[in-house]
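Q: Put together the whole structure using the sequences plus the hints.
Chains as they are written, first to last, in the numbering used here: chain H, 1 to 331; chain P, 332 to 617.
Heads up, some of the hints might be wrong.
List time: in silico BS3-like cross-link candidates among lysine-lysine, alpha-carbon distance up to 27 Å [to be verified]:
| no. | chain 1 | residue 1 | chain 2 | residue 2 |
| --- | --- | --- | --- | --- |
| 1 | H | K310 | H | K189 |
| 2 | H | K189 | P | K420 |
| 3 | H | K314 | H | K189 |
| 4 | P | K420 | H | K314 |
| 5 | P | K612 | P | K420 |
| 6 | P | K420 | P | K519 |
| 7 | H | K310 | P | K420 |
Chain P is nowhere near these chain H residues, computed Cβ spacing over 12 Å in every case [stated by the list, open to error]:
| no. | residue |
| --- | --- |
| 8 | I21 |
| 9 | Q159 |
| 10 | F170 |
| 11 | L186 |
| 12 | I265 |
These are calculated hints, taken from the structure and not from any lab test. Ideal placement from N, C-alpha and C gives every residue a C-beta, glycine not left out.
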Amino acid sequence: MLTGKGVNLTIALPIVLILAILAVTPLFASIYYLSVLIDIFVWLALSISWQLFSGSTNYISLGSAAFFGVGWYVAAEYLFLSVMTNHYPVLPLPVIVLLAGLVNFVLALAIGVVTLRLRGIYFVILTFAISQVAMAVISAYEAGITRTLGIITPIFTTQTAYYTMFICAFAILLFVVLLRRSKFGLGLKMIGQSEEAAAHVGVNTHLYKILGFAISAMLMGFVGGCYAITTTYVNATIAFDFSYSLYPAVMTLLGGVGTILGPIIGSVTISALSEYLSVTLGRYFLLILGLILIIIVLLMPNGIMGMVEKARTKLSSWINEDKAKDPEKPL
Amino acid sequence: MISVIFGGAILGAIFSLIAVGLNLQYGVSRILNIAIGDFLMVGAYITYFVFSVYGVNPLVSLAISGPIVFGFGILLQLTVFRRIVRLSKSTEELETRSLLVCFALPFIIENVVGVIFGGNPIGASYLTASVNVLGAMLQENMLVAAFMSIIISLVMYLVLRFATIGLAMRAISEEPTGAQLVGINIFKVHAVSFGIGSLFAALAGSMLVMIYSNITPYVGPYYTCIALGVIIVGGMGSFIGSLIGGFLIGYAYYISLVVNPLITLAVVYSFIIVVLIVRPKGFFGR
Numbered sequence: 001m002l003t004g005k006g007v008n009l010t011i012a013l014p015i016v017l018i019l020a021i022l023a024v025t026p027l028f029a030s031i032y033y034l035s036v037l038i039d040i041f042v043w044l045a046l047s048i049s050w051q052l053f054s055g056s057t058n059y060i061s062l063g064s065a066a067f068f069g070v071g072w073y074v075a076a077e078y079l080f081l082s083v084m085t086n087h088y089p090v091l092p093l094p095v096i097v098l099l100a101g102l103v104n105f106v107l108a109l110a111i112g113v114v115t116l117r118l119r120g121i122y123f124v125i126l127t128f129a130i131s132q133v134a135m136a137v138i139s140a141y142e143a144g145i146t147r148t149l150g151i152i153t154p155i156f157t158t159q160t161a162y163y164t165m166f167i168c169a170f171a172i173l174l175f176v177v178l179l180r181r182s183k184f185g186l187g188l189k190m191i192g193q194s195e196e197a198a199a200h201v202g203v204n205t206h207l208y209k210i211l212g213f214a215i216s217a218m219l220m221g222f223v224g225g226c227y228a229i230t231t232t233y234v235n236a237t238i239a240f241d242f243s244y245s246l247y248p249a250v251m252t253l254l255g256g257v258g259t260i261l262g263p264i265i266g267s268v269t270i271s272a273l274s275e276y277l278s279v280t281l282g283r284y285f286l287l288i289l290g291l292i293l294i295i296i297v298l299l300m301p302n303g304i305m306g307m308v309e310k311a312r313t314k315l316s317s318w319i320n321e322d323k324a325k326d327p328e329k330p331l
Numbered sequence: 332m333i334s335v336i337f338g339g340a341i342l343g344a345i346f347s348l349i350a351v352g353l354n355l356q357y358g359v360s361r362i363l364n365i366a367i368g369d370f371l372m373v374g375a376y377i378t379y380f381v382f383s384v385y386g387v388n389p390l391v392s393l394a395i396s397g398p399i400v401f402g403f404g405i406l407l408q409l410t411v412f413r414r415i416v417r418l419s420k421s422t423e424e425l426e427t428r429s430l431l432v433c434f435a436l437p438f439i440i441e442n443v444v445g446v447i448f449g450g451n452p453i454g455a456s457y458l459t460a461s462v463n464v465l466g467a468m469l470q471e472n473m474l475v476a477a478f479m480s481i482i483i484s485l486v487m488y489l490v491l492r493f494a495t496i497g498l499a500m501r502a503i504s505e506e507p508t509g510a511q512l513v514g515i516n517i518f519k520v521h522a523v524s525f526g527i528g529s530l531f532a533a534l535a536g537s538m539l540v541m542i543y544s545n546i547t548p549y550v551g552p553y554y555t556c557i558a559l560g561v562i563i564v565g566g567m568g569s570f571i572g573s574l575i576g577g578f579l580i581g582y583a584y585y586i587s588l589v590v591n592p593l594i595t596l597a598v599v600y601s602f603i604i605v606v607l608i609v610r611p612k613g614f615f616g617r
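A: Here's what the structure looks like:
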């Protein structure tokens, strides 16, 4: 698909089919299934945004919650001030979502300039600390200055919420697919493989990393902004919950880093699985989920896509081996 | 003023005990055990259990909770982390994968403890009388816990400095390949150091449960964050660093607690961020 040499039908057809089915789902599905699908879209969009920077450059970020939460908060605050209290003009929803993303872009540029000098485990901890500080700052601000706890946002129908998240997730997917093929995307990938080599062939590694980080944060801001439309209340502890940092990383790593299918498979399986387990097992479903995560890491260290890749090479080498051996078989 | 000096030092001593364990695990086996707070919580629950059911003195229970969690740590290292070490081709791969496992561990540990004991806060209050130390009123249990923590850390220092196993640990953390070449069984040392790290966390937990009565199955991440802060400030892989870092974080924590309890964690995290930006390897990192 989108290779410039025409459209590959075997890939394009299923995609169009899935999109068409998802687009008409609200016509027949119950509210419960729609809300499950909304959750899956959120995780899908977050994982793909995470993959764009952390997946390709190997700078593992655990700060997604900071950007998701800021996006959520900006959109919720604007919705509150415009729709509920008439302080600001009422803007169309896409504009509010764009605003949430742009705030994040600027924020992440500033954070990236300072933090992207660090590598490995230090970067992990730094991004984690930033998301925690964001949560603490907003709760302290609300507790000390505005004397409020969270924001109430207007209620939209489940159908509106569904289509918002659906469009958000697939717009982000399309954007990331296109970006990965650009010079910029290839540069990020090269940084992940060897930063020194990338710098030697003329990739401006520092600029690429900061821009990549900021774009990924902007996408997470879009997701947060859209998510504000699907919910009716938000506070700092909910918006900056650690799971929004952890799950995108875990889903992508389990699905397989470095591919576009990895985060898709990872997020869909894990969010569907945890939804199923939480319905059937109640509050202790995390116990089973934890066990499954560990087993996956032990058995499929390169993620599901890594496993598929391995099986494919094994299969093809097995077939080739048979062909190659045949002529030498006479003995 | 004097109460701040003592209060910060007491917290600092306990924090450094946890951080020394975490640092030992990371320094030797490159596994950043994000679940360390949950090992602490398990230690606290063991002490609570033997105290409330069998009436065992909480100080004596250190001799029960320590070995149990030590064994658990070794078992975990042998079954899970050893396999990850074998599978991983580079240190980065090892760090990412073990981090993933360590994120999954709290789900399991917290929920198992939650199923057994329920989610209500527990405590095994012991030695709650206050004593007057140079004008500051301090609880006896805090003094005992701080004293014990310092003793345990000192013993660990002596082990690292003089014992054969300590020498092996230092060798592996400085030169993993070289250590293997001169005949050190790295898998054995990995397991022992992971066990010792878990042991220290359990001891800290057993002592914390004497002081605070707000321990729940879900306190783990809270202490993990503090311990992470300590080793970041002190420098990863540096023993002295985690001792001093423990006291620095202890004071930062205590002072912000006195000023405004709402901002303690924000202060600790901001401290971590500033240190990471200004001096990424910590004050004593190599």
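Q: Hint by hint, say whether it matches the structure.
A: Consistency of the hints with the structure:
1. Restraint check for H:K310 and H:K189: the C-alpha separation of about 21 Å stays at or below 27 Å, so the hint holds.
2. Distance restraint check for H:K189 and P:K420: the Cα-Cα separation of roughly 19 Å lies within the 27 Å cut-off, and the hinted pair is therefore satisfied.
3. Simply put, H:K314 and H:K189 have alpha-carbon atoms about 26 Å apart, close enough for the 27 Å limit, and the pair holds.
4. As the CA atoms of P:K420 and H:K314 are separated by approximately 20 Å, the hinted pair is consistent with the 27 Å bound.
5. For a cut-off of 27 Å, the pair hint linking P:K612 to P:K420 stands: about 24 Å separates their Cα positions.
6. The straight-line distance between the Cα atoms of P:K420 and P:K519 is roughly 20 Å, inside the 27 Å bound, and the hint therefore holds.
7. The suggested pairing of H:K310 with P:K420 holds, with an alpha-carbon distance near 16 Å, which does not exceed 27 Å.
8. With a closest Cβ-Cβ approach of about 33 Å to chain P, H:I21 is found to remain outside the 12 Å limit, as its non-interface label requires.
9. The Cβ of H:Q159 sits about 34 Å from the closest Cβ of chain P, beyond the 12 Å cut-off, so the non-interface label holds.
10. The beta carbon of H:F170 is kept farther than 12 Å from every beta carbon of chain P, the shortest such distance being approximately 28 Å.
11. For H:L186, the non-interface assignment is confirmed: its Cβ lies about 21 Å from the closest Cβ of chain P, beyond the 12 Å cut-off.
12. Every CB of chain P lies more than 12 Å from the CB of H:I265, the least distance being 16 Å, so the non-interface label holds.
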